[in-house]
Amino acid sequence: MKQFLKTAMHNRSFATGIVITCFIVLMAAVSFIWTPYDVTNLDITAKLKAPYGSHWFGTDHFGRDIFSMIMVGARNSIAVALAAVIIGVGIGVPVGCWAAARGGQLDEVLMRGNDVVFAFPSLLSAAMIAAVFGPGAINAIIAIGIFNIPVFARLSRGAALTLWPRDFIMAARAAGKNKTRITIEHIIPNMANVLIVQATVAFALGIILEAGLAYVGLGTQPPTPSWGKMLNEAQTMMSFAPHMAVIPGLAIVISVLGLNLLGDGLRDVLDPRLSRKRD
Amino acid sequence: MLEIDGLKLSIGDTPILKDISLSIEPGKILGIVGESGSGKSMTALSAMQLLPEDSATSGSIRFNQHQLLDADDGLMQDLRGNDIAMIFQEPMTALNPVHTIGDQIAEGIMLHDRVARQEAVTRTNGLMERVGLPISSFPLSRYPHELSGGQRQRVMIAMACAQNPELLIADEPTTALDVTLQAQILQLLRSLVEEQNMGLILISHDLAVVAEMTDQLVVMRHGEIVDHGPTGSILRAKKHPYTAQLAHASSHIPERSQPPVLSELATEAGLAPLISARQLIRDYPTKRTNLFTPAKPFRAVDGVDVTVYPGQTMGLVGESGCGKSTLARMLLALDTPTSGSIQFNELELTSASADELQAARRNIQVVFQDPFSSFNPRHKVERLVAEPLYLEPGLTVGEKQNRVVVALEEVGLQASALSKYPHQFSGGQRQRLAIARALITRPALIVADEPVSALDVSIRAQVLDLLTELRERLGLAYIFISHDLSVVKALCDEVLVMDTGRIVEHGIASDIFDNPQSDAAKMLVEATPDLERALQNRPSGSR
Amino acid sequence: MILFLIRKILWAAATLAVASVLVFAALEIVPGDPAQVMLGINATDDAIAALREDLGLNKPALERYFSWIFGLLQGDLGKSYTYSVAVRELVADRITISLPLALLALVMSTAIAIPVGLYAATKRGSIADTTIMAVTQVGYAIPNFWLALLLVYILAIWLQLVPAGGFPGWDGGLVPALKALFLPAVSLALPQAAILSRITRSALLDTMGEDYIRTARAKGLSFRATIWKHALRNTMIPVLTILGLQFAYLLAGTIVIENVFYLPGLGRLIFQAIALRDLIVVESAVMMLVATIILINLVVDLAYLWADPRLRHGRP
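Chains as they are written, first to last, in this note's numbering: chain L, 1 to 279; chain B, 280 to 822; chain G, 823 to 1138.
Don't take each hint at face value.
Claimed, not checked - With a cut-off of at most 27 Å between alpha-carbon atoms, the simulated DSSO-like pairs for lysine-lysine come out as follows:
(1) G:LYS901 - G:LYS881
(2) B:LYS679 - B:LYS659
(3) L:LYS179 - B:LYS307
(4) B:LYS679 - B:LYS699
(5) G:LYS830 - B:LYS575
(6) L:LYS6 - B:LYS518
(7) B:LYS307 - B:LYS575
(8) B:LYS517 - B:LYS307
(9) B:LYS659 - B:LYS297
(10) B:LYS575 - B:LYS518
(11) B:LYS297 - B:LYS518
(12) B:LYS287 - B:LYS297
(13) B:LYS287 - L:LYS6
(14) B:LYS307 - B:LYS297
(15) B:LYS517 - L:LYS179
Hints listed in this document are in silico derivations from the structure and should not be mistaken for laboratory results.
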């Protein structure tokens, strides 16, 4: 691990990405114990203030401190995106591995099922879920999670299919191990790299999707601060308080950029093709 | 015609070639021979100026009046494909999958001679005819994936010879092909050299191939030329120790201290067979090609009988696609036959329960061809070699470790290897690890699927010695699968020859090589390059 | 080849069928009585009973599913409760905005991304390449609706170059309509173009490492000719896959973007219907979008046939 970090930090993408990601996570963590202002505190006398001394990022139309809202909003973005990635990995990877291990009819059926899910972009499934159960953060998690499932299922199936014919899998079979055991012992560890990279990318995409859902009112509901909701509220104030739109947007861009850089960096660092060259 | 003088090459910071000098004349064949990593391919790519981007060269490469080293793109583009052409090793990937073969051959003609499409097509037709792909059965509208490996290599040759180049460079042109195809392709190259008075640089790892083909020979090692001169005298005299070493290794026969185990004698003595397969058939479903007729299954193995006695080494030879690997997988109980029976130590594998199979597996282990992909790259040696001990539940950690150490010692590796990862070993060492893994359960039978094909000749000789020694010390039986007859001859007691899913010949190893009966066996024996035979057959006029 | 076609078409039909079951089932699991949900808590029992009758809710689910499907196939999507018009008219009206918007965005993103990606790959390591990679890295972190907000602020509010939103309708002529769709399409297209150009770049770089590229060079082709004649089509195979996925994303993206620009498209219809709890409209509109996505994916599959001759003969 230490060795890994040492080589990884030489990769510029990874270094930048990990610093940004840690910063965002830290911000979210700190918001539990401290924010500059209470985000539920309305101060109409100080509303719509552009960034200045005591409100670094200004205030919104209720006079709430935007910096504090960004901090608390990070919590929401991270929680939703992370939960959605967990759903995607938790269901997609077993499905993909199962399809690859069994092959034949089952594989075909599972992958066709995948195609069906692919036809439901997260916004559409969110719209349907919202129509049925009403909007909310859980709603967003499920919608984005559903979107993630086929992504991970396809990825892990593809990776598993390239691994199954390899000789070391044959050797494990000759050692009498069954397919489940081989999948756990040999297949999954050897696709961990691609999964980690994809998880980072899915996390980043999850943040964008969550913001989109909150923006159109299908995701996190007020009064919980969320970046997407902040953008929604900013829209009508654009002409006289553009900072209300710029700052939450930047927060999204920076977190997503950080995660994408981290993903790219990880890909470079973990890529077996590159590491083979180094041997 | 081509003269390389003092060529040095480094890629990145790694020196690849050190002071290479060689030359070739029209109508002559120059062989470059060496083991992997000797720099022979890079020498060829230098002449084509197709080196990787981060390479730095110095010295001189003269082609007629041109200096090729660091020549500008315009000159090289005029020369490439027109005056100097090249054939690559891997015919499966060297052709563009999205263009027809006709387009790919005609492309060079239209590019260099600026002729109309019609004329280029006419000439392409002629070329196809010349390389043995008459357009009546191989229309130009075919795509590469519709051809076999040998046919694709013929297309590559047609492409390379389209402009009657003065110099043709062939980089391991037959390594990816079966021996019978190899013989045909080499024959084609030789006749083209004579017809067109080309110079040919033939790069190979196989001494027998260059001995058959070349006039002059260059032996390379670690980026240096260690020996050069007329092929015949170099290979007969073996003055240079490395040349001698290569020559010995390539025709190495491990010494055996025990007589071969022969089936006939074993039956007479009333010995029970170790494994005995009867009427094995394996069908694979194929994709239907027509809407109305159901797809016919592909029969990979067609009614095969195999019997191996304890301590016997049975060779299984045949061209790629003949079904030998499928057969091996069934014998290992990794694949279920469509019909037929396999008895192992009186247990019927095809109907055995899971528990019975687990017990039987302890006695059948396997060694694969590719020493790079046969280990999980994320595990350490201790865990890798111990994997088959899964079949012996209840061992303590200490016992397992002892078993691993013993197995490692058996194959000549130290206990210090335990905590290393597979990538820290060379190809030959990894193959030793693979053998250690197979030995750890004390099996009675090891199925070895092309275990030395991916190894350089000198390493190959060592691994063959190891296999022989283990057989004698531990009383192992082997089923030894190979496409390389010389290897089988060196190791096996008896040989099965397979052709399109059937066993066409079975006999004592030396008999089959000296006096093959079936067509398949005859073709294999005839096509297998043999250093001694090649040297004897060299025309007396040449040295 | 014909087998491949038939297979693909059958699969698309099957996917469509399964998707329709999913959409239908989702609305079946509405907690409580859909009529009650649609009318709200203040509705009288009589009104609810009338709506139940109207929606056919008293019939078994299977029967309602099939009558819904047959209706869909005949172009009859039922009647919107809140709008009191045929859903077909509502959806048909709105999709003439959403679909052209998504297609325009797809065309824009492709037209920008492929040349940029190819250029970057051929100049690998140059300043131009590094700049493109940096810009696209940032570009693909930008949410399209935020880009839309910024564009509205800069171009409409600040510089007053374009209207901030709204749609004049196709009747007013092609030019004003396209003008109104231009900014929404740009906001959708740019972030997608960033991803697509990165993918194009790496696809070309992968292709350039293939053996047949070396063969083409050995034939005497120049670097440029090699790319044009040998690398491009092979590069398009992975790019096509992404294009199919992107279209789904773009079409869904229109839902959000329509909100920014106040475009009366399918997306806004869905939101209004959700707010008004008009489940019939939600169901039909979602089904229309899903069907479009499946159709486009079929088109992408057929495009593979052109790009990859290996598919034309049975096994890839």
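Give me the numbers of the hints this structure contradicts, sorted from smallest to largest. 3, 6, 7, 9, 10, 13 and 15
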